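Chain A is fixed; fit chain B onto it per the hints.
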Amino acid sequence: MLELLRQPWPWYVAGPLIGLTVPALLLIGNKVLGISSSLRHMCAACLPANIPFLQYNWRAEMWNLFFVLGIGIGGFIGYRVLGHPDTIAISPETVRDLKAQMGLTDFSGLLPKELFALENLSNWKGWVFLVLGGFLVGFGTRYAGGCTSGHAISGLSNLQWVSLVAVIGFFVGGLLMTWVFYPLLF
Amino acid sequence: MKNLKYLGLGVLFGIILTKSEVVSWWRIQEMFRFQSFHMYGVIGSAIVVGLISIQLIKRNRLKTINGEEIRIADKQYSHGTWIGGIIFGLGWALTGACPGPMFAQLGSGVAGAAVLILAALAGTWTYSALRDKLPH
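Chains as they are written, first to last, in my numbering: chain A, -15 to 170; chain B, 455 to 590.
Okay, chain A solo, but in the shape it has when bound (with noise of 0.2 angstroms):
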């Protein structure tokens, strides 16, 4: 059993469990999942400085704090107290795109270290991939309303249109990144 869980866990698994997080969240405490708001939450109650759309009682949303620091120690548990294969086995083809496109050559971890190591931050591509892109991710999530959870998740599964407009936005952003912009850089 131990065993079955160190490994990756297939998305038929995974997605499903994903999935009745939501009714989950709303059985037990009329909660709708959506995890960027924990962002504002954070900057409402670490910097307001008079910002109006910062002024709330996020205390009110303590509850998607502590979600978030569970997500956090469940990071921990599944990588390091479960374990995880040290390479992620992604397609053969993403591999050779990687190698050849980006000059990537360690493929171990998480996420390459070529690009995410802390030294990164002293050359241009720490600051592209590490703080430019956190960057959009926190300003485009609440311009959003929203991020895969909250919208993808949620949203369409409430049948909210409004999310699938989101959704298009997110892959139509993440296209042009990965087709457009990565050429350009690398």
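Keep in mind that the hints were calculated from the coordinates and are not lab data.
Possibly wrong hints are sitting among the right ones.
Stated by the list, open to error - Now the in silico label distances, taken between C-beta atoms and shown as ranges:
| hint | chain 1 | residue 1 | chain 2 | residue 2 | range |
| --- | --- | --- | --- | --- | --- |
| 1 | B | 563 | A | 40 | 29 to 35 angstroms |
| 2 | A | 86 | B | 514 | 49 to 55 angstroms |
| 3 | A | 143 | B | 580 | 29 to 35 angstroms |
| 4 | B | 586 | A | -4 | 24 to 30 angstroms |
Nothing here was measured: the structure is a model prediction, and the numbers come from that model.
The beta-carbon is built from N, C-alpha and C at its ideal position, and this holds for glycine as well.
This is chain B only, laid out in the frame that chain A set:
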């Protein structure tokens, strides 16, 4: 502590995100290059299960464990829905992480994830400050 149940559910959610590798930059690249079904399978089956669950809750008028009526607010459209969506998508392909996975990555020991989260907080804060000047 009424919030502990959310902590517990968050732990399970984090384990699922990590074990299914959706917290991995490699998997997101594979998805945007259409070279694997994995991510589409995860997101698609999550939506199907979520949709069936919400329909069951609505049709049977299920209540929460505390006996409250379950309400789900409708999402409100603004031009930000698609403009912000595209901006997030650009960042998603760069970082290979949406907000949830960033926290799971940090927990798994990826130091760079701390920078990602700080940068994402700076992004959310900047949006909040500029909100009145942006098209909605």
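Checked hints:
Here the CB-CB span from residue 563 of chain B to residue 40 of chain A is close to 34 angstroms, well matched to the stated 29 to 35 angstroms. Distance hint check for residue 86 of chain A and residue 514 of chain B: the Cβ-Cβ separation is about 50 angstroms, which falls inside the suggested range of 49 to 55 angstroms. Between residue 143 of chain A and residue 580 of chain B the C-beta distance comes to about 32 angstroms, which sits within the given range of 29 to 35 angstroms. Checked against the given bound of 24 to 30 angstroms, the beta carbons of residue 586 of chain B and residue -4 of chain A, roughly 45 angstroms apart, lie outside it.
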